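Engineer: Chain by chain, the residues:
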Amino acid sequence: MADQTLTAPVSAGRQQAAASRWSGSFVPRLLTGIAILLTWEIVVRAFAPAYVAKPSTVLLAIPRVIVDPAFLQALGATLWAVTEGLAITIVVGTAIGVLMGRSDTVDRMIRVYINGFNALPMIIVLPLFSLWFGYSPATRIATIIFAAIFAITMNVADGARSVPREYLEVARAFRSPRMSVLTGIVLPASMPYLLAGFRLAAGRALIGAVVAEFFISAGGVGYYILYNSRSYHHDEAFVGVLLLAGFGVGFELLVSWATQRFMPWYRRDEKSN
Amino acid sequence: MVVNSFRRHVPLWLSLFAGVAAWEIAGRSTSAAFMVPFSETLVRLWQLITRGEFIAQLIDSAELFVTGFVLALIVGAPLGMLLARVRVLRIGIEPYIMTLYATPMVALIPFILSIMGFGFAPKVLVVFLFTVFPVLYNTVEGARSIKPELIEVAKSFRSSEWALWREVMLPYTLPYTMTGVRQAIGRALVGMIAAEFFLSSTGLGQLIMGASQDFDTAGVFASILVIGLIGVGLTRLGLNIEQYFARWRQ
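Top line first, the protein sequences correspond to chains H and V.
Residue numbers for the first sequence follow the numbering used here, beginning at 398 and rising by one.
Residue numbers for the second sequence follow the numbering used here, beginning at 13 and rising by one.
I should point out that these hints are in silico values taken from the structure, not numbers from a laboratory.
Keep in mind it's a predicted model, so treat the numbers as computed, not measured.
Even for Gly, the Cβ is constructed at its ideal location relative to N, Cα and C.
Any given hint could turn out to be false.
[Said to hold, decoys possible] Computed spacing ranges between beta-carbons, pair by pair: (1) P561/H to A68/V: 32 to 42 Å; (2) L651/H to L24/V: 51 to 61 Å; (3) A45/V to S614/H: 14 to 24 Å; (4) V55/V to N512/H: 43 to 53 Å; (5) A30/V to R575/H: 22 to 32 Å; (6) A38/V to A445/H: 47 to 57 Å; (7) A68/V to L434/H: 20 to 30 Å; (8) S573/H to L83/V: 49 to 59 Å; (9) M128/V to E563/H: 29 to 39 Å; (10) G64/V to I431/H: 26 to 36 Å; (11) L24/V to P446/H: 51 to 61 Å.
[Stated by the list, open to error] What the simulated footprint calls covered on chain H by chain V, stretch by stretch (three residues with Cβ under 8 Å from a Cβ of chain V suffice, anywhere in the stretch; the number is not a length): (12) 468-477; (13) 520-526; (14) 602-608; (15) 623-637.
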């Protein structure tokens with residue numbers, strides 16, 4: 398009871414402050430949004446051919462597209478591929494990253510390759526991957542993994558290296574087995590880095606999936622966009638772009654939510670408006 | 013000291029040597045359609061260079077890269093500072109910039125293709141779109157973190173708006189903008205190759221596409237090797253630029 402009376406006013410006050418900040422920024426955001434959409438609409442109506450997407454027609458296309466079985470199938474295919482690719486990436490990327498972070502020898506041996514591949518613009522492997530895996534969904538998965546894995550590996554390696562020395566010394570003093578040092582100290586300590594890497598990797602995986610679909614014409618949101626914009630159905634195609642943007646933002650929100658929920662001690666410097 | 017640094021680099025050289033050896037062995041033991049040995053890749057690369065087409069394509073790509081990148085800098089950095097200076101504008105536009113930053117820009121390529129066609133301009137637009145958001149975003153972040161005291165002092169000395177920008181905003185945000193530049197380099201390379209793949213085929217993208225269409229696997233590997241080296245070099249350059257300007261940051 399005492400606890401409640403103590404905390405209640407504080408949290409109410411905080412909520413109020415948050416609410417007023419939110420409404421304070423809400424109006425300019427809404428107005429800017431409307432201004433952007435209006436400008437777009439007017440410019441396209443005045444200068445562009447009729448097939449070019451504009452807000453009003455895209456809006457009308459949304460209900461049509463989201464019940465279109467072809468679109469849903471494409472969406473499912475892309476999402477599944479990205480999920481599968483990211484799952485593989487997280488497992489393999491974390492394993493390599495921990496090895497690099499905890500062993501100087503491994504680090505010196507493979508860092509040059511990890512850095513090199515990370516600097517490679519990922520889409521140049523497409524011709525090679527399509528040669529190796531054929532014009533099949535396997536190429537898409539391979540591209541997604543290639544696009545995403547180095548971001549995860551590099552971040553986890555940084556995380557595993559920066560485990561506080563005292564923790565490891567205490568663990569050694571208590572003769573903890575290596576495995577429990579790994580699962581009890583190294584992995585949890587690298588978690589924030591893994592999440593930061595995941596944030597990068599998810600965006601790249603999405604790009605990888607779309608590019609692979611463009612390149613090999615595999616069914617998915619990327620191919621849906623390509624096909625529809627080629628046949629001058631720009632409104633339908635743009636709904637696909639909106640969806641991809643939604644994924645991109647969704648991944649960002651997911652990561653910052655997970656960071657706050659599971660790692661409240663780890664704060665990315667809070668931005669104040 | 014010299015011996016020490018040499019010994020530190022032994023694992024690096026060993027691992028590079030092992031990598032090349034593995035590549036050579038893998039290339040020799042599989043079909044030439046899938047993979048070619050390192051030696052053959054080098055021979056092919058030498059052919060491409062001496063025949064001159066390689067240099068021409070490289071210049072083509074560089075032109076695209078530089079044009080798009082410079083445009084993104086010219087637009088992104090001042091706009092970022094403006095957004096930081098005008099609070100209403102920033103609050104209004106920021107969520108949209110974040111959304112665009114998170115949007116996979118490649119998805120816009122088909123639209124750019126069907127509206128703008130196959131010229132140089134649409135490709136520059138692609139590179140620009142890939143590049144501008146990291147620059148813009150980091151500049152806004154930097155300009156936002158300017159200490160209010162600095163601006164207040166400038167104001168109380170009746171500094172003009174122009175002098176405020178030149179003496180406070182620009183020096184303060186430049187290191188942040190350079191972080192954006194470093195991030196943008198990688199994205200600009202992706203944008204460049206994507207534009208060369210999916211819009212009109214030119215430059216290094218065309219080189220690699222052409223090689224893969226001719227089933228010239230050695231050519232594909234040679235192109236990837238070169239683009240990889242360029243990528244590593246540019247990333248290094250970006251890091252150096254960022255570190256050079258980071259000395260200004262306290």
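Engineer: If a hint holds in the structure, say so; if it doesn't, say that too.
Structural biologist: Hints, verified against the model:
A C-beta distance of roughly 54 Å is found between P561/H and A68/V, which places it outside the suggested range of 32 to 42 Å. Checked against the given bound of 51 to 61 Å, the beta carbons of L651/H and L24/V, roughly 37 Å apart, lie outside it. The given range of 14 to 24 Å is respected by A45/V and S614/H, whose C-beta atoms sit roughly 21 Å from each other. Remark: the range hint 43 to 53 Å for V55/V to N512/H is contradicted by a beta-carbon distance near 26 Å.
For A30/V and R575/H, the Cβ-Cβ distance of about 26 Å falls inside the hinted range of 22 to 32 Å, so the restraint holds. Restraint check, A38/V to A445/H: a C-beta distance of roughly 51 Å satisfies the suggested window 47 to 57 Å. The hinted range of 20 to 30 Å is not satisfied by A68/V and L434/H, whose Cβ atoms lie roughly 44 Å apart. In this structure, S573/H and L83/V meet the distance hint of 49 to 59 Å, their C-beta atoms being roughly 56 Å apart.
The hinted range of 29 to 39 Å is not satisfied by M128/V and E563/H, whose Cβ atoms lie roughly 59 Å apart. Range check, G64/V to I431/H: Cβ separation about 55 Å, and the 26 to 36 Å hint is violated. Distance hint check: the CB atoms of L24/V and P446/H are about 56 Å apart, consistent with the given range 51 to 61 Å. Check on the region 468-477 of chain H: 0 of its residues sit with their Cβ under 8 Å from a Cβ of chain V, so the three-residue criterion for coverage is violated.
Only residues whose beta carbon comes within less than 8 Å of a beta carbon in chain V count, and the region 520-526 of chain H has 6; three or more means the coverage holds. Given as covered by chain V, the region 602-608 of chain H passes the check, having 4 residues with a CB less than 8 Å from a CB of that chain where 3 are the minimum. Check result for the region 623-637 of chain H against chain V: holds, 8 residues qualifying (beta carbon to beta carbon below 8 Å, three or more required).
In summary, the structure is inconsistent with hints 1, 2, 4, 7, 9, 10 and 12 from the numbered list given earlier, while agreeing with the others.
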